[in-house]
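Those sequence lines, one after another, are chains A and B.
Note that this note's numbering numbers the first sequence so that position 850 is 850, with each residue one more than the last.
In short: position in the second sequence from 1, add 10000, done, that's this note's numbering.
The set of hints was computed from the structure by calculation and includes no laboratory data.
Predicted, not measured: the structure shown is a model, and the values here were computed from it.
Each residue gets a CB set at the ideal place from its N, CA and C atoms; glycine is no exception.
Warning: the hint list may mix true and false statements.
[Claimed, not checked] Example chain B residues on the side facing chain A (calculated, C-beta under 10 Å, incomplete):
id, residue
1, Thr10041
2, Ser10089
3, Asn10106
4, Asn10259
5, Asn10262
6, Val10263
7, Thr10300
8, Asn10400
9, Thr10454
10, Leu10461
11, Ser10468
12, Val10469
13, Ala10471
14, Asn10472
15, Gly10476
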Amino acid sequence: MKKKIFATFMTVLFLLGNVFAQRSSTITGTVTSASDNLPLPGVTVVLQDSPTVGTITDVDGEFSLMVPDGSKTLVFSFIGMETQTVNITSSKVINVIMEASSEMLEEIVVTAFGIEREKKALGYSMQEVRPEDLTEAREVNVANALKGKVAGVHINPSSAGGAAGSSYVNIRGNSSLTGDNKPMFVVDGVPIDNQTIDKPNDFDGFDFGDGVGNINPDNIASMSVLKGPAAAALYGSRGANGVILITTKTGVLKKGVGVELNSNFTFDTPNVHPTFQNTWGGGYDGDYNSFDTKIIDGQEVSVWPAWLIDNWGGRMDGRPIMYEYAPEWGVQPYTAQPTDNIANFFRTGTTFTNTVAISGGTDRNTLRLSLSDMRNQSIVPNSSLNRQSVSIRANSQVSEKLFVDAKVDYIRQEGNNRIQNGIALINLPSSLGVLPRSVDLEWMKDYRKEDGRMQSYKSGSPYNPYWITERFKNNDVRDRIMGFVLTSYDITNWLSIQGRIGTDFYTDKRFAIIPQGTPGAANINGQVNNTMWKVREDNSDLLLTASGNLFSDLSGSFLLGTNHMNREQEVVGIRGENLSIPELYHINFAAQKFPRNYYEKKQTNSVFFSGQLGYKNYLYLDITGRNDWSSTLGLNNQSFFYPSVSLSYVFTETFNTNTDLITFGKLRASYAQAGNDANPYQTKAGYSYNAISFDGLRMGTINSTIPLLDLKNELTESFEIGMDLSLFNNRLGIDFTYYKQSTTNQIIPIEISAATGFSNRMINAGEIRNNGLELMINTVVLQTGQFRWNMDLNLSHNKSKVTSLVPGIDSHTLLGGSATIEARVGEPYGNIVGYRIKRNEAGQAVVDENGKWQRGDNIEVLGNIQPDFLGGLTNTFSYKGITLSGMIDFRVGGQIFSFSKYDQMAKGTGKFTEARAPENLIVDGVIEDPNGDIEVGGIKYRKNDISLLPHQYYAEQGPWGEISETMVIDADYVSLREISLGYTLPSRLLEKTFLNNVKLSIVGRNILYLYRDPEFKLMGISPESAFNTEAYAQGVEARGLPSTRSVGLNLFVSF
Amino acid sequence: MNIMRENIVLKKIATVIIVILTINACTSNFEDINTNPILITDDVISPSVIFTGVLKNSIFASYGDTGGIIGEFSQYYASQSSGNLLRQSNYTSPFNWYRNYVININEVIRLTSEDPRKNDQNAMARIWKAWIYHMMTDAYGDIPYSEAAIGVDAINQPKYDTQETIYTDMLNELKLASAQLGSIGDQESFGNADILYKGDVDNWRKFANSLRLRLAIRVRFANESLASQHINDVINAPLIDENSENASLKTLPPSASENASNVNFVYNHYQTNITPMYVGFAITDVMIPTDDPRMPIFFTPSQHPESPYRGRPIQLTQEQKVPYEEVATMGPVLKADTYEIIVMNAAEVYFLRSEAAFANITNESTENLYITGIERSMEQYNVDEADVTDFLNHEKVVLNGTNEEQFEKISTQKYISMFFQGHQGWAEMRRTGYPKVWLGNELGVIDYIPRRFTYPNDEYLKNESNVSVAANNIGGDKLETRVWWDKRPGLPFRHPLQDVFPPN
């Protein structure tokens, strides 16, 4: 293999030498469009005799090409235009006017299994993303770059912040209660593993990243989002949540050797800053009674006790104070620290990405080699992520009939000192969030006491933030290979066969320590944790394709395929506690060791077909079917079949009214079934052993989930209609879709009454319905001379409803906690459920006889985690080589339970707790009173006038009173997501140089929030981050790191 | 490329097709693929491994509960940090014992039921099941029983049985299991897996009978005939007489390699936490006046000049907390590196017998049994004989006075002898009314120690129709609803100094 690649590479170089060895001359010219006389960028210009010699017109429609003497003909081609051949004369300037092709908009798109189709023939919705959108305004995890760009796709980054984390991706709402609601990612026809292994929960845990985050954006040639089951039907049991197809770059057959360099540098700074009240200090009741006093040097000094964390005490009035647990800080004046002391904890993060790609080809072989290096320093000190990747892609038209194509991507990613997600007080964001306002972070920098224990204002938790960043260490290294080998052979001119074997495998080596001296019995002598993950998924498929014209007006194609998928995953780990040697963190020194080994395997076999019929140029019918056999299902239910049918009708072709008003119009409709099979090992009952023995005796327990012997697949049925329109001479494009989807036979480990002795029972029941609208509008708002203003809008709306669960069970808890996230029958997926403030029928708060808040009697629905609308608006202005682009994305509807507010309410750090004069501490409510003057619903009340203590007013309105309502906040936002300013050097400037194309851009991501809920704004919290990539996590703000704004430079050079 | 090479390629493609199609046709190995290598199936699992797990975890849990709200209700313990305890909360434990212990003990019963050589094992598991259940029903009242935790063919929504039904069945089960022990020869012993009695059939029988006596006494105000029937049945049967027969489990000595969950949690607490564990007010309130010689064993005195042994009341307001910053904390027996967790001791059995005699259910001597009860307890804690004699002669200990005063003394001494068995302390306090409890002024929904836990919120989501019926049957799912056996009139008693602050 290696030799072959080397040989091919040398051949390419040799050919290139030949080109330069000949005597040659340069031809220049401009290509314009006949319809509007405007320059046409991107037109391919090649020599007819020698297609390796060629170029592409720049933004001004200009080209410059060196051709060997004696060349005869140039070929100009462009999608949607008639290809033109022009003879080379003695003139060195050739200007070409291109006519629109009679077959307008014959855009070729990549669909399931990498099959290229004309877009107009598709009876379902899909959307392509331009590679520049992924590389310029760059996200380290390429999935995040999709945010706001694709209608119907909901993206949320991980609260791990910046580069390190996974990304939540969801298409058209959540359809499965427990199955994966994420789309499948397929790279060059090969599914990749996109799980977040050992994902964090709402309390703690590390996010070591997902699968798509490993992909180098610079290698991506195109990305197609197959939104619904109809588009993804050929993926059967894996297509229910849609599929994102990524096609990576290959060498170009026509161009000789090309080199592409892309350099990107970005700065990351928090784009939100948590804010706090700065008036009140530690204690309760608005007084100083929680403090002890000491006489030091004849002066009375207040002592902050080692247990105190709440800030409901007296004013920070400058009195001398010391901290019982940190006597080393000495006596300090009792004053508030500046609010930005928290912001100053963070540093400016940086990300450097450099990619070089060399590609070349002959008329039969191409090769592309790319090397990439990404180095990210998080905004958290000592935390970083590096990623190097090598990608080799080679293909060859071995003979007229035989084509081979192969790719290997090797990715090495290393993370250092990642920060835990989740609300645990020992985590960094929480620790910073509850810091008493009188404590200077500078004092905390000396994080270690003389005896080795952690220094802080308080014993136990929260941990000193510097102790976390300086002493907690972790490291993870991922080695990943993704690749495939493909062979296709044309048996006849209408029949071909293609075989492909693809793999994605990786190992993750993870090491983490809890440093010695950390509070807590299990931590005091430190812990080490070694884990090695090995994940592998192999796919082999075989496609037999027949295509051609059946009769004069009828064309058709037929595809028969098989797929075999084998997936294995194993973890081997050992955790050790109680390390006997100071500062030596190795399992050998651990007194207690806990091994971990888990292995799972899954296979599916599939046979599928896809048939297309086209009548003339305007009517297309697709029928597909796929039968899967999955190893994870019950013995009698392993086989299941998914059909789909779709129809596309290009009505503009039938009327033959090629007017300027409607240039193109298409109606489409489709129906499809797809599914979700199960995770392994859910069909058998049994027992397991506890990790811990007692006095040398093992202890066993029955497993907590009742298995389902006859487990079936989940079934998603989807119906979709849509319309594509191109109006006003292609100045306005509209793409509209309505879909309706139902997922039944949910595989749910339904929670059952604890009295059953089990926590869950696997069932196949329940239904979730989703329906929604997607709208994409692309317009050329203005086009005069060389100035062009494009505006792209996408908007989606999804509505979900849990129509049934199991008889007798009305609710399935997706996430427990202070407020639970539930799927309730008759309600949308993802209700936030908890207690409200007790109110009477008139909505007045009913307080008790002491004027205190009361909790409502029943648990109620407080909100829902899903957005009503998502959208993005992109404006692009281009003038000559300059492009200015800005994107706003927004969310309307849905709520989030905010743990930041929980903390700020419970601990008295929130700005909203600042008003503590007695008159501010009277609940605006009523007290039940038979002699009262207010009557509501037959009950008499009097107006409440009792002033409470600060914690009674604020903390008991929320966390202390078990009232969750007050922490549920609207998740709406409008974000200035992206701005980029690009300049492409005109080709005439480059013609004397070896350079082909130079583009420089200034890019910014996550610039600022134009709108977010005033509560989030006041607290300085982002409504977008989530602690993991499960659907329920999107409804919980779990005190993540501040989200970051990236500003940087991107330079693209090709030669 | 020549034709021959193309043919070779074609042949290779054909081979690949055949291989792939063959693989696709094959699902026969799917069952193997989908079998988890770490699954222990029921033909392989040993019931003794499950039995060890249930014993260890349930005994440790009952002890651990005394370091929580049940401990505070029983007044053996008071936490510095717990807030308003007289407000409804989501009481998930001991309801979660179904999952943790009941289902597993039922598995032991199921797995041993077919094998005649496991007849004794089966009986021991049945006895233990009663021990688990009586604490669960004591906490909530009516709970799922007959349909609960029956195995993988579970009823998703088990109905609730009345506490009377449950107690009737538990008493009967204990009777049958006691008779079943040793009824068939050639038995396979649990051996060391039985961490309570090492498989000793005689001790298990004594424990079963003693537990039956406890249960019978507990229900005597609600169903006297049921109580007396069982009391008379066991009173002459073998009971726990000596401390050497106590049902107890020693925590493992701490070491670098010992897991914290096997070690005395009070010891662990003092190793890592600077906040002391306080003693509750009521236990000290009844021990201080008699100068009880067990105080220095149970408690660590505070620096308080007048009353170093006084404990801390619950429900203190912020102002009321101030005088209670100096209170007694956990004593040497609890803070030691190992602790012998008591499941049932000889002292309690004597007090049960004393009460049975006091209630004229038996003809034994109330006073003698009362004195032996105290002696057994003193012996359990190795108290000097001289101190024991002084104590027995203390005017407040000698069993005299009115009937009610005598009942108070028996109840109080039993309460003391069950120190740090939080579940028992709370239950007996509710049943007898003693000791009387002084509470601070922090307002709760009720102003006395709750008579039960409310059902977990989860039940209203997952078993709503049944829990609603149960709530209705018991007279409302409230903290003040009295469980079925809680029938003594006039309860709860007010503490005589309830309106005085501080009470001492």
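> Was the hint right that threonine 10454(B) lines chain A, CB cutoff 10 Å?
Replying inline: Threonine 10454(B) check fails; min Cβ-Cβ to chain A is 13 Å, beyond 10 Å.
>> Does asparagine 10106(B) hold up as a contact with chain A if the rule is Cβ-Cβ below 10 Å?
In response: Holds, because the Cβ-Cβ distance from asparagine 10106(B) to chain A comes to roughly 7 Å (cut-off 10 Å).
> Should the interface hint for serine 10089(B) be scored as holding, given a Cβ-Cβ cut-off of 10 Å against chain A?
Replying inline: Holds. Min distance 8 Å.
>> Quick check on asparagine 10259(B) please, does its C-beta sit within 10 Å of some C-beta on chain A?
In response: Holds, about 5 Å.
> Hey, does the serine 10468(B) contact hint survive, CB to chain A under 10 Å?
Replying inline: 13 Å, violated
> Holds or violated: is there a CB of chain A closer than 10 Å to the CB of asparagine 10400(B)?
Replying inline: 45 Å, violated
>> Tell me if the interface restraint on asparagine 10472(B) is satisfied: Cβ within less than 10 Å of some Cβ in chain A.
In response: 16 Å, violated
>> Would the hint on glycine 10476(B) be counted as holding, given a Cβ-Cβ threshold of 10 Å to chain A?
In response: 13 Å, violated
>> A closest beta-carbon separation below 10 Å is what the hint needs, so does valine 10469(B) meet it against chain A?
In response: This hint is violated: valine 10469(B) lies away from chain A, its Cβ roughly 14 Å from the closest one there, beyond 10 Å.
> Does valine 10263(B) meet its interface restraint, that is, does its C-beta lie within less than 10 Å of any C-beta in chain A?
Replying inline: Result: holds, 9 Å to nearest chain A Cβ.
> Against chain A, with CB atoms and a cut of 10 Å, does the hint on threonine 10041(B) hold up?
Replying inline: 5 Å, holds
>> Given leucine 10461(B) as an interface hint, is its Cβ closer than 10 Å to any Cβ of chain A?
In response: Holds - the Cβ of leucine 10461(B) comes within 10 Å of chain A, reaching about 5 Å at its closest.
Comparing the model with each earlier hint shows violations of hints 7, 8, 9, 11, 12, 13, 14 and 15; every other hint is respected.
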